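Residue numbers (this note's numbering), protein chains in the order written: chain F, 87 to 391; chain S, 42 to 566.
Source of the hints: derived by calculation from the structure; they are not laboratory data. Since this is a predicted model, take the numbers as computed values, not measurements. For glycine and all other residues, C-beta sits at the position ideal for the given N, C-alpha and C. Where hints are given, some of them may not hold.
DEER-style ranges, computed between Cβ atoms [to be verified]:
#  : chain 1 : residue 1 : chain 2 : residue 2 : range
1  : S       : Arg-346   : F       : Leu-146   : 37 to 45 Å
2  : F       : Ser-254   : S       : Lys-236   : 29 to 37 Å
3  : S       : Ala-344   : F       : Gln-149   : 50 to 58 Å
4  : S       : Glu-511   : F       : Leu-146   : 48 to 56 Å
5  : S       : Ala-184   : F       : Gln-149   : 18 to 26 Å
6  : S       : Pro-323   : F       : Arg-215   : 49 to 57 Å
7  : F       : Arg-89    : S       : Lys-236   : 45 to 53 Å
8  : F       : Leu-100   : S       : Ala-545   : 57 to 65 Å
9  : S       : Pro-419   : F       : Gly-302   : 43 to 51 Å
10 : F       : Leu-100   : S       : Ala-435   : 44 to 52 Å
Spelled out from the first residue to the last, the chains are:
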Amino acid sequence: MLRFVARRTLQAVLVVWGVSTVVFLLLRLSGDPTLLMVPPGAPAEAIDRLRHQLGFDQPLPVQYVQFLVGLLRADLGDSLVQSRPALAIVLERLPATLLLGGAALLLALVVALPLGVASALYRDTWVERGGLLVALLGQAIPPFWLGLMLILLLSVRTPLLPSSGTGSWQHLVLPAVTLGSLTMAGAARMTRVAVLEQLGQDYVRTARAKGIAPLGIVVRHLLRNAAIPVVTIVAIDVANLLGGAVVTETIFAWPGIGRLVIDAISARDYPVVQATVLVGSVVFVLSSLAADVAYGLIDPRVRTR
Amino acid sequence: MASRSILARRGPAFVAVLVLALAACTSAATPAPGAAVAPTGAPTSTGAAPRSLTIDLGDDVATFDPGLQYNTASYSVYRNIFDQLLGRDANTGQIGPRIATSWKPVSQTEWEFALRKDVKFHNGDPLTAEDVKFSIDRILDPAFKSPQYQNFSTIAEVRIADPATVRIVTKSPYPVLLAQLVNLSIVPVKYTKEKGAAALNTAPIGSGPYRFVEWKKGESVSLAANGSYWRGTPYFDTVKFRAVPERATRVADLRSGTADLAATLTADDVKQLSADPKLRVPTANTEAVAHVYFNVLGKSPAAKREVREAVAAAIDPKKLIDALLGGQAAPVREMLTPVHVGYDANAPTFSYDPQKAKEALARAGLASGTTLTFLTSPSFDQRIVQAIQGQLEAVGITAKIETVDKPTYLKKIQGPEHDWGDIRYGEWSCSCLDADGVIYPLFRTGSIWSSYSNPAFDAAVDGARGTLDESKRQALYGTALRLLHDDIAAYGMWQTRAIYGARATLDWQPTVDEQLFVFDMKNKP
Chain F
87 MLRFVARRTL
97 QAVLVVWGVS
107 TVVFLLLRLS
117 GDPTLLMVPP
127 GAPAEAIDRL
137 RHQLGFDQPL
147 PVQYVQFLVG
157 LLRADLGDSL
167 VQSRPALAIV
177 LERLPATLLL
187 GGAALLLALV
197 VALPLGVASA
207 LYRDTWVERG
217 GLLVALLGQA
227 IPPFWLGLML
237 ILLLSVRTPL
247 LPSSGTGSWQ
257 HLVLPAVTLG
267 SLTMAGAARM
277 TRVAVLEQLG
287 QDYVRTARAK
297 GIAPLGIVVR
307 HLLRNAAIPV
317 VTIVAIDVAN
327 LLGGAVVTET
337 IFAWPGIGRL
347 VIDAISARDY
357 PVVQATVLVG
367 SVVFVLSSLA
377 ADVAYGLIDP
387 RVRTR
Chain S
42 MASRSILARR
52 GPAFVAVLVL
62 ALAACTSAAT
72 PAPGAAVAPT
82 GAPTSTGAAP
92 RSLTIDLGDD
102 VATFDPGLQY
112 NTASYSVYRN
122 IFDQLLGRDA
132 NTGQIGPRIA
142 TSWKPVSQTE
152 WEFALRKDVK
162 FHNGDPLTAE
172 DVKFSIDRIL
182 DPAFKSPQYQ
192 NFSTIAEVRI
202 ADPATVRIVT
212 KSPYPVLLAQ
222 LVNLSIVPVK
232 YTKEKGAAAL
242 NTAPIGSGPY
252 RFVEWKKGES
262 VSLAANGSYW
272 RGTPYFDTVK
282 FRAVPERATR
292 VADLRSGTAD
302 LAATLTADDV
312 KQLSADPKLR
322 VPTANTEAVA
332 HVYFNVLGKS
342 PAAKREVREA
352 VAAAIDPKKL
362 IDALLGGQAA
372 PVREMLTPVH
382 VGYDANAPTF
392 SYDPQKAKEA
402 LARAGLASGT
412 TLTFLTSPSF
422 DQRIVQAIQG
432 QLEAVGITAK
442 IETVDKPTYL
452 KKIQGPEHDW
462 GDIRYGEWSC
472 SCLDADGVIY
482 PLFRTGSIWS
492 SYSNPAFDAA
502 VDGARGTLDE
512 SKRQALYGTA
522 LRLLHDDIAA
532 YGMWQTRAIY
542 GARATLDWQP
552 TVDEQLFVFD
562 MKNKP
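Isolated chain F, as found in the complex:
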């Protein structure tokens, strides 16, 4: 069992290292940040001087080794824009993204699970058709459009909720709905399919024959079995939530890492981009680890095997 934990940890480290190397190379391929940092009209020697100070005149392998050594010490360098450690900047902004992502996920599941179950149980009725339509809309509407429409309707036309910023639970509602819509759609469809599959199983027929009330069958037997594929989808969707945060945080001026990375990319702030991607991949690796844990909790067979 220790070997399993060690192997999973090693895998995680390899994933994070691989991701950081790819990001390192992609950033260097995309151009030199020095030119963006000097004011227009700067003389050539001033640009060379800054480039040397920042270390961008070093050969790529040398820069890479310096990057790796720093990585081992959890030192990802100082932000070129903010002149502070890049990792600290990212960790400051991470809670906002986790809060938004968590709220979006929660909201998505609260809507998706009943919707999926109902669509499966009331197959070929208006319930299923309505459920599928909601899921389809969630998948088809681009988040930037949904976000702007929500602001227009619920902040400007009818001032119910704040249009941007943070500070109260009301501030969380519109961004969470925007970010969660795609996850909601995917989870609802997956739940419907999983429940449909379980409905045809022998144990359901047996439970029905024993005279258990339909609701009891769904809650006590069916949902547990249907949950495994749903958990998988949700765990993978954490990556989508992190990606979607880029758009959602920009629209709603939410101070998370999605917006941070956009700003950092446009300013070619390498250290911050690297740190954000690294932290993001750690979050993703942890969430898939959490999915493994969840399998065990949901399905006793996984534990005893």
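Using the hints, position chain S against chain F.
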């Protein structure tokens, strides 16, 4: 697989650790050190509720340290916290006193500045010549890696004559010094040395009209009025600068009343904002010149004067301004705007004449048309680039648009080979309102931005840079501008306009140098 069961049992503990870790780092806001100790900050409005103001910017502050800043949002915010050595008149753009009350050249390379004696920093320390010297010296220190270095690199030395007098020595006669000193914010030497330079970023102490209260990273900055400010008590007791990157959201914030003022809007927003009786749209012409730049030194077709002549005659700036910018730009005659030192109101200019364009092409032996490479980058308004392409097409010039990312773009145009293409579109701004910051870097032989060379032009701009005599400079720039026009080195088309949205009751007029001084804002009676 027994291993899974172990993980499963530890699951809840793992989740608990995660939650704890999260709780530990949720307070990202920097507390204000001044909040407890500042003796100067008591809100001052008598009786009535405190007056507060919320401003939406497109970006977050990157740093409060004026020596380390290079993004506009930081600049917009920290200039309310710090005082500057010199200032500009909000209406005329003329350079005037701030911390320096008077100044005079002592020689061609030395200036003397008399300083106010009644200015105190927010922590109570007096502002003296030491602070002014320190503010410049740290930018010039190579170890400090200041992105501001280029703006002050002509300064050789700062001497303290007495606590209220500084002398600035330049390496050569430098007429733009005063314009650059408008950008110089004064930081406290004692505080910075005691607390370390990082304190200037996390807990800035200045002498300006507002003191720092809180910075919620990525979200907002809160400031409070400095009750003992030397120019008088600010009208607004508190001000909050918010970082709202999406333009449509800034507009929504204005319409929903979340923000009182929003910056960096575009002509597309004007109609929507004007239709709302609660709002108004303050605008100001800036010093940025939208222009088409020619590669005169390249091997490409644009190296032929006739081809450049054809391009200049094929472009109709008025149509571009009306169709794409909603009329929100002011046509110019040259590569300068009326607010620049060196502007020539009588400079020769180009005019739209498609027939003349075709004739010029015929003279170049290209009557059947020619193909030009139009280099650009996504940071430029691509609608304008494509519209110019369309106008060129109409006279038989095929413009091939080559789009690259900004660093690649800069690398290409700055290369000594001049093989970046034929034409490019840009908006040039030097934040100095002086011809020296525009036509010198863009056209002087050997400048990395220049793909043009003319010894007579070089002599004129070198001469203007080397003298403090204003009338002489004006005459030299007149000559330089005529040469640029005769050689068709570039086509200055219009002066861009900064567009803001504001609450209708907010009394404030934007300035040519796009400052956001809250001290100049108040509510209409």
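Hint-by-hint comparison with the structure:
1. Against the hinted window of 37 to 45 Å, the Cβ-Cβ separation of Arg-346(S) and Leu-146(F) comes to about 43 Å, which satisfies the hint.
2. Checked against the hint of 29 to 37 Å, the pair Ser-254(F) and Lys-236(S) passes, with Cβ atoms roughly 34 Å apart.
3. Checked against the given bound of 50 to 58 Å, the beta carbons of Ala-344(S) and Gln-149(F), roughly 38 Å apart, lie outside it.
4. A beta carbon spacing of about 50 Å between Glu-511(S) and Leu-146(F) agrees with the range 48 to 56 Å that was offered as a hint.
5. A beta carbon spacing of about 21 Å between Ala-184(S) and Gln-149(F) agrees with the range 18 to 26 Å that was offered as a hint.
6. For Pro-323(S) and Arg-215(F), the hinted distance range of 49 to 57 Å is satisfied, since their beta carbons lie about 52 Å from each other.
7. Here the CB-CB span from Arg-89(F) to Lys-236(S) is close to 51 Å, well matched to the stated 45 to 53 Å.
8. Take Leu-100(F) and Ala-545(S): their Cβ atoms lie about 59 Å apart, and the range 57 to 65 Å holds.
9. In this structure, Pro-419(S) and Gly-302(F) break the distance hint of 43 to 51 Å, their C-beta atoms being roughly 59 Å apart.
10. For the pair Leu-100(F) and Ala-435(S), the beta carbons lie near 58 Å from each other, so the given range of 44 to 52 Å is not met.
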